[in-house]
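A.B. asks: Go by the hints and put chain H onto chain A.
The residues making up each chain are set out below.
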Amino acid sequence: MGLIAAEIERQGIPTVAIQLLRVVAEKVGPPRSMFVPFKHGYPLGEPDNPELQHKVIEAALALLENPDLGPRAIVDLNP
Amino acid sequence: MGEISEFSFSVRLFVKTYKWRRIDPTPWTSVSKPLSESRVAVVSSAGFVLPDQEPFDQKMKGGDPSYRLIPADTDVATLIDAHRSESFDHTGMDQDPNLVFPLDRMREMVESGRIGELAPRHPSMMGSITAPGRMIKQTAPQAASDLVEDQVDVALLIPV
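Chains A and H, in that order, give the protein sequences. Take 1 as the starting number for the first sequence in this note's numbering and just add one per residue. Take 1 as the starting number for the second sequence in this note's numbering and just add one per residue.
Pulled out of the complex, with its shape left as it was, chain A reads as follows:
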């Protein structure tokens, strides 16, 4: 997803990518990553848990609004 994010960003659209493997986010280095402590297949936490899903999406969107971040930013979700 990092490579896709970079291309979208390159074409002028700000992106934030949820990341399930911190080490991969660090190596690939897309513009904005939010690392989530969930297992693969569960990027927004849990099925049928809208509250948690909202929390994860909200935290990711907040990266777009954070003026202190720059390229290759990685923020950890605190669920």
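Worth flagging that the hints you see were computed from the coordinates, not collected in a lab. The structure displayed is predicted, hence computed values, not measured ones. Fair warning: there could be bad hints in the mix.
Stated by the list, open to error - Derived DSSO-like pairs (lysine-lysine); straight-line CA-CA distance at most 30 Å: (1) H:K16 to A:K39; (2) H:K33 to A:K39; (3) H:K59 to H:K33; (4) H:K59 to A:K27; (5) A:K27 to A:K39.
Unchecked claim - Covered stretches of chain H, as calculated for chain A (at least 3 residues, CB under 8 Å): (6) 20-26; (7) 68-80; (8) 144-152.
Think of the CB as a built atom: it goes at the ideal place given N, C-alpha and C, for glycine as much as any other residue.
C.D. replies: Chain H in isolation, oriented as in the chain A frame:
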């Protein structure tokens, strides 16, 4: 929990030894308006397709790098899991597609005013592409230009 240790030995070895492509330089675009006025697109690598769309090729060497566009008004219950990888648990996303393609959550955020509106089309692709050449040369630029064409303001990328 999102750690390499959850995988089988062969997948762990892959994550460790695979030559991940480093983005260099990493591009940067700042948001130009408040999210409450922004058009938002979801990009998911969960491999969902609609019933009338071609499923992803399960046998293509290196992984099928193509993508499908999912309309904003799609009922997530109609999405079909066409992701071939068995390296992750599909149970959750098959039970609740919003776990990986959260159109219902995004609609709720439009209703609450947190975001302006949903993009008309949302790219769906398959993760676990081990031969990313075509994905980098074709899929990514095409999907990105679809978003530009749709005048998308920000994109949220969700892997599985």
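A.B. asks: State for each hint whether it applies.
C.D. replies: The hints, checked one at a time:
no.: 1; hint: H:K16 to A:K39; verdict: 17 Å, holds
no.: 2; hint: H:K33 to A:K39; verdict: 33 Å, violated
no.: 3; hint: H:K59 to H:K33; verdict: 43 Å, violated
no.: 4; hint: H:K59 to A:K27; verdict: 28 Å, holds
no.: 5; hint: A:K27 to A:K39; verdict: 19 Å, holds
no.: 6; hint: 20-26; verdict: holds (count 7)
no.: 7; hint: 68-80; verdict: violated (count 0)
no.: 8; hint: 144-152; verdict: holds (count 5)
Going down the numbered hints, you'll see the structure goes against 2, 3, 7, while the others check out.
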